[in-house]
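Number of protein chains: 2
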Amino acid sequence: MEPFSLQKAFTLIEPGPVLLMTTASGMKRDVMTLTWHMVVDFSPRFAISTGPWNFSWRLLKAGGTCVLAVPPADWIRKVIAVGMISGAETDKFARFDLETEQGRYAPPLLTGCIGCIECRVLRFFEEGIVLLQGEQAWLNPQKADSPRIHAVGDGRFVTDGAAADYRSLMAEKLPEGV
Amino acid sequence: MEPFSLQKAFTLIEPGPVLLMTTASGMKRDVMTLTWHMVVDFSPRFAISTGPWNFSWRLLKAGGTCVLAVPPADWIRKVIAVGMISGAETDKFARFDLETEQGRYAPPLLTGCIGCIECRVLRFFEEGIVLLQGEQAWLNPQKADSPRIHAVGDGRFVTDGAAADYRSLMAEKLPEGV
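Listed in order, the protein sequences are those of chains X and B. Using this note's numbering, read the first sequence as starting at 373 and increasing by one per residue. Using this note's numbering, read the second sequence as starting at 373 and increasing by one per residue.
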């Protein structure tokens, strides 16, 4: 993975793709499938929604950092499989043959993904919302144009179709550097 | 629009589409384009991220309700146009020829959309996050299978492409009634 502009990092999350989130604390690490997330601001901050029923939650609380990774469309079966089991007794990286590399923090980057954002936890809300500060973004140049995956939530998934550029209509609303 | 199962309402939001959000208070109503949103739980609760720079914010604070509407792919230019101007001095429903109908609360449903969810504000967080309780969902049967729109955030938009059903792999994780 190559460093990616932190100003543009929100563009990895804003389209609403399925994410894989990695966490780590002490000798433990985990990866979970995450579809409940949003951009909060351009700094960039993000919010995710999850809870103590996930093993990753424990590592997120203990470690205070995570990686939000955007998997390409051809990872669909892997993404579902990661979401179906708990990491409490299984190292899902080994089990699903997920290649990793080290970023700034303990949770690993997922090499085969489109992009990754390393985040620091700013706050846990009692409603199960976690506020994250994006600290370092990464892009996989070989995967940058891969379609993303979107979960419908009922077992159906949709991958990105036609793309169109309306930048000229929106120029005045785009943040600096984007 | 026809009533839609509230248990399934989160499936309108989980794929991460661009939304139009309607608000109303007193004699004023507004509609804004919203790409920063997520599901919070299956009850269903949702979170959105916005702030006082939007006219809709004022109506959301005053009225305490909103409609999250999912526009079909062929609304892309309308969605961008709605996002480019403020409703403070313009009735965007009239200006952009948006057909509406009345639901349970004051903010109108958008008839031409794929689906709508009427929500009540549960809480405003100082970070600009608003927690919403979905109260009533609606589906447009003529538009139910339309592709959705996803914003990249830099002026590019992507519409839904291929869909696939992996329900059989995920059956044990799906919530009741979905």
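Since the hints were derived computationally from the structure, they do not count as laboratory data. Be a bit skeptical, because a hint or two may be false.
Which copy? The list can't say, so a pair holds if one copy fits it or any two copies do.
[Said to hold, decoys possible] Computed list of lysine-lysine pairs in DSS-like fashion (alpha-carbon distance at most 25 Å, straight line):
hint	residue 1	residue 2
1	K515	K433
2	K450	K400
3	K433	K545
4	K515	K400
5	K450	K515
6	K515	K380
7	K545	K515
8	K450	K545
9	K433	K400
10	K380	K545
11	K400	K380
Since this is a predicted model, take the numbers as computed values, not measurements.
Okay, the hints, checked on the actual structure:
1. K515 <-> K433: neither (31 Å within a copy, 42 Å between copies)
2. K450 <-> K400: Result: close within a single copy only, 21 Å intra versus 48 Å inter.
3. K433 <-> K545: between (36 Å within a copy, 24 Å between copies)
4. K515 <-> K400: neither (28 Å within a copy, 46 Å between copies)
5. K450 <-> K515: Answer is within: at 16 Å inside a copy they meet the 25 Å cutoff, but 31 Å across does not.
6. K515 <-> K380: within (16 Å within a copy, 33 Å between copies)
7. K545 <-> K515: Classified as neither: same-chain Cα gap 28 Å, cross-chain 29 Å, threshold 25 Å.
8. K450 <-> K545: between (37 Å within a copy, 16 Å between copies)
9. K433 <-> K400: Classified as within: same-chain Cα gap 13 Å, cross-chain 43 Å, threshold 25 Å.
10. K380 <-> K545: within (14 Å within a copy, 34 Å between copies)
11. K400 <-> K380: For K400 and K380, the Cα distance exceeds 25 Å both inside one copy (31 Å) and across copies (35 Å).
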